[in-house]
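A.B. asks: Here is what each chain is made of, one letter per residue.
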Amino acid sequence: MTSTPLPTGGPTLTATARDRVVDALRGDGLWLDLGAATWRVQSDSGVFADQLRTVYGGFPFQPSGDWADLHCEIVRPAGLRRWLRPQVIFRCDGQHPFEPFPADSPLPLYEWGGNWLAASRLNHLLLLHAGALERDGLALVLPAMPGSGKSTLTAALSRRGWRLLSDEFGAYDPVQGELRAMLKPVALKNQSIEVIRRFAPEAVMGPAIPRTRKGTVAHLAPDDAAIAARGRGARPGAVILPKWVADAPLQLEPIPGQMLFSAVAFNAFNYRVLGRTGFDAVVQIAQRCPGWRLTYSRLDDAVAALDQLWPEVQAHHRRQEAA
Amino acid sequence: MAPAYGRRDGIAVEPVGDFWAAFSPVSGESILLNDESAAILEVLAEGPATTQQVAAQLALDTGDVAADLHDLVAGCWLTLIDSGLVQQLALDPHVGP
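These protein sequences, in sequence, are chains F and R. Take any residue in the first sequence, count from 1 to its spot, add 75: that is its number in the numbering used here. Take any residue in the second sequence, count from 1 to its spot, add 1: that is its number in the numbering used here.
Chain F on its own, in the form it takes in the complex (with noise of 0.2 Å):
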């Protein structure tokens, strides 16, 4: 299942009028090409009109289009208690799986539940738990577990040069041997939020959020030159394991390839459902890369650590090629 290439041109979401996205909304919905899938949004939420402009007002303002990977709904439940406490739903194939959220927070339910409907249905690819970008057509891929600093340090590289193809999932397509595009806002949480504030203050964020499951969160919109590279791939380059040690001096130490394995098996969604395809694809990442353990506290010295380790990556697989 591949989804059909939507037009790029035309206005962004920024500069389309928001009475215009609020109608395309409550209408045929909203198309969102992220690159690797695209998403088809219905939404009866102003709030969340709002909210969708911030965050991906850099992509294509889409009232149509000839396919949609994945489709789903944010609206408000009917009901006399719509008027007690406002709330939003989200829906997919007429079932809403998850609890409601204030009606005045509607992006993370919406972010949340299209992962959730990215992991259960995109089976073409090896979706991975992890931060991917891109740097000179090899992907760098950060699989780990929540409270590793992953998103942190994704957000931090795509705003130092580094391409960012996604944050929550590293999408792997054992066809092409690729990592592709699944461009959505990075996700921070709680101190992330101004620690990224203050370590790009140019770069677009969406409101913090406080009380959700997972404490405060934010969403930091992709650069443009992300969203207009969304359709290109990149190739496996390194995979590192990061993780954020308060006060621990940086430490970059290789890690060994069956190390390597485990953990982007053990990272991914789908690997189970995928059988021997994803054991294939596991396979290939582990046997093309190079990969390090990262325990960092400090965000410039690991993006530093990083930059100064790429052109040791590009040489690997210059060596690779020629073999």
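Hints are computed from structural coordinates only; laboratory data are not their basis. Here the structure is a predicted model, which means the values were calculated and not measured. Do not rely on the hints blindly, as some may be mistaken.
What the hints assert, rightly or not - Label pairs and their in silico Cβ distance ranges: (1) R/Gly-7 with F/Phe-341: 51 to 61 Å; (2) F/Ala-379 with R/Glu-30: 32 to 42 Å; (3) R/Leu-61 with F/Phe-341: 31 to 41 Å; (4) R/Gly-76 with F/Leu-327: 31 to 41 Å; (5) R/Glu-30 with F/Ala-397: 33 to 43 Å; (6) F/Val-320 with R/Leu-79: 30 to 40 Å; (7) R/Leu-61 with F/Gly-350: 26 to 36 Å; (8) F/Asp-322 with R/Pro-4: 50 to 60 Å; (9) F/Gly-212 with R/Glu-37: 35 to 45 Å; (10) F/Asn-198 with R/Gly-76: 34 to 44 Å.
Even for Gly, the Cβ is constructed at its ideal location relative to N, Cα and C.
Mind docking chain R on chain F? Use the hints.
C.D. replies: For chain R alone, coordinates are given in the frame of chain F:
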């Protein structure tokens, strides 16, 4: 009589780092194997065999003594069977333990 062991159909074994990654379509599981276990699977790719036959083949390949390899091979079966890579077949009446 010694039991014979057969390699499951459709398994995959690939080198990753210092180990071997193996996949079984029966269990849907992946497992990392050491060189010895991977070598046993390679021997079984030629057909079912008993512990003694596998040890003899590995001795030929490595120059080690078959008797020394017997316990090593015997110790690998449980893991290989549990991970769906190997199955125990009917007892072979022609081969001793």
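A.B. asks: Next, verify each hint and record whether it holds.
C.D. replies: Hint by hint, here is what the structure shows:
{"no.": "1", "hint": "R/Gly-7 with F/Phe-341: 51 to 61 Å", "result": "violated, 30 Å"}
{"no.": "2", "hint": "F/Ala-379 with R/Glu-30: 32 to 42 Å", "result": "holds, 40 Å"}
{"no.": "3", "hint": "R/Leu-61 with F/Phe-341: 31 to 41 Å", "result": "holds, 38 Å"}
{"no.": "4", "hint": "R/Gly-76 with F/Leu-327: 31 to 41 Å", "result": "holds, 38 Å"}
{"no.": "5", "hint": "R/Glu-30 with F/Ala-397: 33 to 43 Å", "result": "holds, 36 Å"}
{"no.": "6", "hint": "F/Val-320 with R/Leu-79: 30 to 40 Å", "result": "holds, 38 Å"}
{"no.": "7", "hint": "R/Leu-61 with F/Gly-350: 26 to 36 Å", "result": "holds, 35 Å"}
{"no.": "8", "hint": "F/Asp-322 with R/Pro-4: 50 to 60 Å", "result": "holds, 57 Å"}
{"no.": "9", "hint": "F/Gly-212 with R/Glu-37: 35 to 45 Å", "result": "holds, 39 Å"}
{"no.": "10", "hint": "F/Asn-198 with R/Gly-76: 34 to 44 Å", "result": "holds, 38 Å"}
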